[in-house]
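Asker: Taken in sequence, the protein lines are chains A, B and C. The first sequence begins at 5 in our numbering and counts up one residue at a time. The second sequence begins at 14 in our numbering and counts up one residue at a time. The third sequence begins at 120 in our numbering and counts up one residue at a time.
Because the hints were derived from the structure by calculation, they are not lab data. Treat the hints with caution; some may be incorrect.
Simulated pairs of lysine-lysine, DSSO-like, Cα-Cα distance not exceeding 27 Å [as the list claims (entries may be wrong)]: (1) A:K118 with A:K192; (2) C:K208 with A:K192; (3) A:K214 with A:K231; (4) A:K118 with A:K214; (5) A:K223 with A:K102; (6) B:K212 with B:K131; (7) A:K214 with C:K208; (8) B:K73 with A:K396; (9) A:K178 with A:K192.
Partial selection, computed: residues in chain C whose CB lies under 7 Å from chain B [as the list claims (entries may be wrong)]: (10) Q188; (11) T191; (12) Y192; (13) I193; (14) G416; (15) Y417; (16) S434; (17) I435; (18) F442; (19) T447.
Where a beta carbon is used, it is the ideal one built from N, C-alpha and C, also for glycine.
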Amino acid sequence: MSRRLLPAVVLILVLAVVTGALLILYRQPQQIRVVVYAYRDAITGIDPGAEDDVGVVVLHALYDTLLRYDPRTGEYIPWLAERFERVAEDRWLIAIRKGAVFHDGSPVTAEDVKFSIERSLALYEEGIGLGFVWSCVEEVEVLNTTHLEVVTDGPCELARTASAAYSAFVYSRKVLQLSGAASPTDRKLIEWFNLGNELGSGPYRLRSYKPEREVVLEKFQDWWGWKVVNNPRAPDVVVIRIVEDPGEQERGLRAGEIHIASSVPRAVLRSLREGGFEVRAADTYHNFILMFNVLRWPTNVTEVRRAIALAIPWDSVVPTCLHGYGRVGSGLIPYGFPGYDPELRLGQDLDEAARLLAEVQLPSGTELEIVITSGYEEEECFAQLLAHELAKLGLRLRITSLPWDLVKQRGAEVWSNPEAAPHMMVNDWWPTYITPYDYLSLLECGYITWNWAGYCNEDFDERLWEAYEVDLADLEQALPLYQELQRYVYEELPAINLWDMQHIYVYNPRRVLVPDRALNPLYTYVVFFEYVEVLS
Amino acid sequence: MTALPEALSDLLRLMRRAWRRPAFRVALLLALALTALGLLGPYVAPYPLQGLGVEVVSEKSLLPPSLEHLLGTDAMGRDILSRVLFGLWRAVIVTLLVISVSAVLGLFVGSAAAVLPKPVETVFVYTMELFISVPSILLAAALVATAGGGLVPLIVALVLTWWPWYGRVAYTQARAIRELDFVNLPRVFGLSRLYVVRKHIVPHVVPPVLVEALSDLGSVVIEMSTITFIFGAAQSISEPDLGVMIGLGLRYVTTHPWVALFPAIFLALLAISFTVFGEVLYEEANPVLRKRWFKWF
Amino acid sequence: MLTLNYIIRRSALSLVLVVGVLLLSFVLTYYAPGDPALTWAGRPRGPGALEAIERARQELGLDKPLWYQLSTYIGRFLSGDWGTSVKFKTPVLELVLRGFASSLELVAYSFLVAVPLGYLLGISAALSRGGLRDRVIYYFSAAISGTPRFITAAVAYIALYVLSQALGTPVIYGRLSSELRVGFEEITGVITLDSLIQGRLDAFLDSLVRIIPPAVVLSTYPMGVLARVVRIAVAETLEEEYVRQAVSLGIPAGVVMRRYVAPSVVPVVAQLSGLFFSYSLVEAMAVESVFGREGLGYLLIKSLESSDYPLIVGSIVLVSLVFVVANTIADVVQAKVNPRVVV
Numbered sequence: 005m006s007r008r009l010l011p012a013v014v015l016i017l018v019l020a021v022v023t024g025a026l027l028i029l030y031r032q033p034q035q036i037r038v039v040v041y042a043y044r045d046a047i048t049g050i051d052p053g054a055e056d057d058v059g060v061v062v063l064h065a066l067y068d069t070l071l072r073y074d075p076r077t078g079e080y081i082p083w084l085a086e087r088f089e090r091v092a093e094d095r096w097l098i099a100i101r102k103g104a105v106f107h108d109g110s111p112v113t114a115e116d117v118k119f120s121i122e123r124s125l126a127l128y129e130e131g132i133g134l135g136f137v138w139s140c141v142e143e144v145e146v147l148n149t150t151h152l153e154v155v156t157d158g159p160c161e162l163a164r165t166a167s168a169a170y171s172a173f174v175y176s177r178k179v180l181q182l183s184g185a186a187s188p189t190d191r192k193l194i195e196w197f198n199l200g201n202e203l204g205s206g207p208y209r210l211r212s213y214k215p216e217r218e219v220v221l222e223k224f225q226d227w228w229g230w231k232v233v234n235n236p237r238a239p240d241v242v243v244i245r246i247v248e249d250p251g252e253q254e255r256g257l258r259a260g261e262i263h264i265a266s267s268v269p270r271a272v273l274r275s276l277r278e279g280g281f282e283v284r285a286a287d288t289y290h291n292f293i294l295m296f297n298v299l300r301w302p303t304n305v306t307e308v309r310r311a312i313a314l315a316i317p318w319d320s321v322v323p324t325c326l327h328g329y330g331r332v333g334s335g336l337i338p339y340g341f342p343g344y345d346p347e348l349r350l351g352q353d354l355d356e357a358a359r360l361l362a363e364v365q366l367p368s369g370t371e372l373e374i375v376i377t378s379g380y381e382e383e384e385c386f387a388q389l390l391a392h393e394l395a396k397l398g399l400r401l402r403i404t405s406l407p408w409d410l411v412k413q414r415g416a417e418v419w420s421n422p423e424a425a426p427h428m429m430v431n432d433w434w435p436t437y438i439t440p441y442d443y444l445s446l447l448e449c450g451y452i453t454w455n456w457a458g459y460c461n462e463d464f465d466e467r468l469w470e471a472y473e474v475d476l477a478d479l480e481q482a483l484p485l486y487q488e489l490q491r492y493v494y495e496e497l498p499a500i501n502l503w504d505m506q507h508i509y510v511y512n513p514r515r516v517l518v519p520d521r522a523l524n525p526l527y528t529y530v531v532f533f534e535y536v537e538v539l540s
Numbered sequence: 014m015t016a017l018p019e020a021l022s023d024l025l026r027l028m029r030r031a032w033r034r035p036a037f038r039v040a041l042l043l044a045l046a047l048t049a050l051g052l053l054g055p056y057v058a059p060y061p062l063q064g065l066g067v068e069v070v071s072e073k074s075l076l077p078p079s080l081e082h083l084l085g086t087d088a089m090g091r092d093i094l095s096r097v098l099f100g101l102w103r104a105v106i107v108t109l110l111v112i113s114v115s116a117v118l119g120l121f122v123g124s125a126a127a128v129l130p131k132p133v134e135t136v137f138v139y140t141m142e143l144f145i146s147v148p149s150i151l152l153a154a155a156l157v158a159t160a161g162g163g164l165v166p167l168i169v170a171l172v173l174t175w176w177p178w179y180g181r182v183a184y185t186q187a188r189a190i191r192e193l194d195f196v197n198l199p200r201v202f203g204l205s206r207l208y209v210v211r212k213h214i215v216p217h218v219v220p221p222v223l224v225e226a227l228s229d230l231g232s233v234v235i236e237m238s239t240i241t242f243i244f245g246a247a248q249s250i251s252e253p254d255l256g257v258m259i260g261l262g263l264r265y266v267t268t269h270p271w272v273a274l275f276p277a278i279f280l281a282l283l284a285i286s287f288t289v290f291g292e293v294l295y296e297e298a299n300p301v302l303r304k305r306w307f308k309w310f
Numbered sequence: 120m121l122t123l124n125y126i127i128r129r130s131a132l133s134l135v136l137v138v139g140v141l142l143l144s145f146v147l148t149y150y151a152p153g154d155p156a157l158t159w160a161g162r163p164r165g166p167g168a169l170e171a172i173e174r175a176r177q178e179l180g181l182d183k184p185l186w187y188q189l190s191t192y193i194g195r196f197l198s199g200d201w202g203t204s205v206k207f208k209t210p211v212l213e214l215v216l217r218g219f220a221s222s223l224e225l226v227a228y229s230f231l232v233a234v235p236l237g238y239l240l241g242i243s244a245a246l247s248r249g250g251l252r253d254r255v256i257y258y259f260s261a262a263i264s265g266t267p268r269f270i271t272a273a274v275a276y277i278a279l280y281v282l283s284q285a286l287g288t289p290v291i292y293g294r295l296s297s298e299l300r301v302g303f304e305e306i307t308g309v310i311t312l313d314s315l316i317q318g319r320l321d322a323f324l325d326s327l328v329r330i331i332p333p334a335v336v337l338s339t340y341p342m343g344v345l346a347r348v349v350r351i352a353v354a355e356t357l358e359e360e361y362v363r364q365a366v367s368l369g370i371p372a373g374v375v376m377r378r379y380v381a382p383s384v385v386p387v388v389a390q391l392s393g394l395f396f397s398y399s400l401v402e403a404m405a406v407e408s409v410f411g412r413e414g415l416g417y418l419l420i421k422s423l424e425s426s427d428y429p430l431i432v433g434s435i436v437l438v439s440l441v442f443v444v445a446n447t448i449a450d451v452v453q454a455k456v457n458p459r460v461v462v
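The whole structure should be built from the sequences, with the hints applied where relevant.
Answerer: Set out below in structure tokens:
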């Protein structure tokens, strides 16, 4: 072929392909509604009774809880339970919705609810999961296939529990036989769930499960709720894609590959808004708690912890690292949550910090290690700010940034080898359900999974359980007890709340609509896809 | 070693020949300017502490270029000009280090392979072939995973993957001349192998290796920055590294392009000037048709 | 000269190299600082760590004598058991093959662009030797091949993004659009191929459009270098006696190029392409991460974050094996095509 002709032919071919491609892409009618939700941590597991971490993002689509709670209005919404009432001081009657079925077609029965509740409790007894929410339950009595009664140990606000974000899901007792497990607490069952299996009654079923990359859900046509929710434009397929880097989330969003992004760099929010994206700041109970290693020198010295706490540039943390989308922390409990105490705020005081360090004669040049989660730009920013301030006090800060699952591992290390565990870690926390106990439980002795401070104080634990007992019956009465505990933490400083964070969801309103009902501060990072509307 | 002055004069002659080409002139001057800038950088940077990553000025984050900050500031308020200067310094030092260590290592192993007994020779040649087959970035990854982040694993990985190329060149050259009489005669007279290597082999091997090394400068810059760009988060987020800066700057590229743009410009100029310098030098030293690939089998 | 003898010898060498690569990975695993079981398990800590380390110890067979460990290690690899990824909790071989397929797809397309264009640019430059066209082509190729690929990729990505915003066309990001991915089966891992196999023209075109820009970016190095090498090779060949004679004898230009010049130049192109392949595979990782494509680069980043040693070692073994095979093939082709090769 003539040399001159070849490049021309190649060019024409390329142009033809590209034009054809673009034409075809435009003419494609959208037959199925797909929504891609970008979330920043790999899914840690989807066992509805055992999961205590980010798996909840997937769980609320696969499973139903008996009730849902909206802290913004204070109302309990009947969900899987049609009726949920207190019939005596220690007795609750639950009626399961008619027509509710599991993903395999079998009806949801009272036996299944009993199974789910009892399993949560049994797992918690073995140290797994957050089944403590059901602690006041003494017995579950099945009346018939659709009704059951729960007997509690003294008066107990069971509705609070039944609408919890964790461990309150209802699933089929058939899972025992499907997984080949010998008993409800058999680890085999947990493994079965975490391999990508489910048997729930929720609006979506699990189509594929790659916890590191993406979880794909498809619409469950026979869900009881479609008539109630009345959303004909709900997605048929939901892809929960794990994108750890906020920059990547933003690019995917702009490229149209991601429809709802949960963590984009805050610096680009204005440009996104100008570009026609909807930027929704949602209030949450999500806070970031700095935990000190109280078993390792020098953070085992209270004065040192206090000095570091006073070195934090409290006034610039929220404007700089959160760009204003949050609030400075005051006490372990976040703003808006029962038990919040506004008097526990700290201010920066470098002179006092220097004085404290001098008092305990901490040598200048001491190196401290902090572990944060990679990709959490707010933590990266905070660590660098802290390093700068600590340098003024003559302390060196080494910043180690790891993916979330590795951060958890290093945190738990404080119990086996405190000298190797870092001096400080940032633990971001969100509620299981509406109880102040949740946030203070971080400091319970022996709570290996989440107590990264290595804090072990018997007196504290006793008083905490006391407060919780009162709380179960009547939250109001327990508040003063919780307040005392908060003050205690404020003095001892094993941990300190850096900030309460707003969540920023960004989406393209021409493609997808995320109504208020789809987000709820109690269910952190959960998007209720049954309310999401897909437009194009 | 008397080899060195001879090799250097050969090199200078080569460069004078290359100087005739305008591309070479531009590239060499630019390369020298950037190298000088890199070496002097830390001393002329307006905000040295910010450059190193120790100081952070959170209120001034993401500012566009101004009189105070000639290239603007990054996400943590650090002066980009200072960061780029420190980054340039790092790039230049690492490149020079990697090339010189690899060249010396390759030179010795290659020459030794040619004069040592057959089994040793086979082992050396085999090792060279082996390391040529291993991609640098993956080796760097393995080393970083075991030794942790930082500059040392990166340098070691680059040296390990680069030296065999020089080893091969040295070996082929050495092999070609080892049979020659003026090499064998001294042996016959009982002079030690080492002496023979030093006096007779090395002078002939150094020039081609030197030319190879110089022409590879650009590739090392590119490979090093590609590795740090990809590894990004595994390295420290506050240390000044051009690849990491570009990677992190990409987060804000649609709204604050200067954060990634300026490090990218400097890196590109460094890479291009080194590459062109190297390639012209190589072309002058080795006309294409007589390329030595044939001799490798 | 290509003889059976040569092919056998070359293949034998590559087999020995393969064993060498496995040995190297063995060394990396066992002699990395610290406890090899700890490294293999991905340095776990906290609850479950001890079990994970025990399991790694058994997998590596650390309590047995060295020769036994070595042979089990090599045997394991040859039988296809490359360990389980610490991060992804799936078999390493599967992960690495999938990642490799994606990166290979990109490299293949980049070669489709680089080789013809580089060749043509080089010839074009050589024919106008010393003229404006020659100089423009020279500087252009020097600039594009000298710039680090990830920078070119970032620039291209931004340019395309701005263009798509202005024209309203979809942005080039990722391998396949999210909508089309639903219901798509990955058979070979090469999406452009898989879409044709499944008969999905929409997916084929979409993936093709998404692969062309990164492929062009990746091709800048081979294209730039080829252009300049071909330029010199052609120019010098044209100076040769026998070519000048042919021209003076009135043989048409086309024939001169094909019969006289090409045979000197093609072997050079072939040999260079072999070298480029390895280099491009590494650069593909950077280009992938800019364009959001999943491949070896993605696996590498994830494995580094989690100290996923089995995955890193598995990637090293696979890529090295590919290099060995590629170099062997390149050498054999070189021997066939170039009569001057002395074996």
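Asker: Next step is simple, just say for each hint if it's right about the structure.
Answerer: Here is how each hint holds up against the structure:
no., hint, in the structure
1, A:K118 with A:K192, "holds, 20 Å"
2, C:K208 with A:K192, "holds, 17 Å"
3, A:K214 with A:K231, "violated, 31 Å"
4, A:K118 with A:K214, "violated, 30 Å"
5, A:K223 with A:K102, "holds, 20 Å"
6, B:K212 with B:K131, "holds, 22 Å"
7, A:K214 with C:K208, "holds, 10 Å"
8, B:K73 with A:K396, "holds, 19 Å"
9, A:K178 with A:K192, "holds, 14 Å"
10, Q188, "violated, 18 Å"
11, T191, "violated, 21 Å"
12, Y192, "violated, 16 Å"
13, I193, "violated, 15 Å"
14, G416, "holds, 6 Å"
15, Y417, "violated, 10 Å"
16, S434, "holds, 5 Å"
17, I435, "holds, 4 Å"
18, F442, "holds, 4 Å"
19, T447, "violated, 10 Å"
In this structure, the hints that do not hold are numbers 3, 4, 10, 11, 12, 13, 15 and 19, in rising order.
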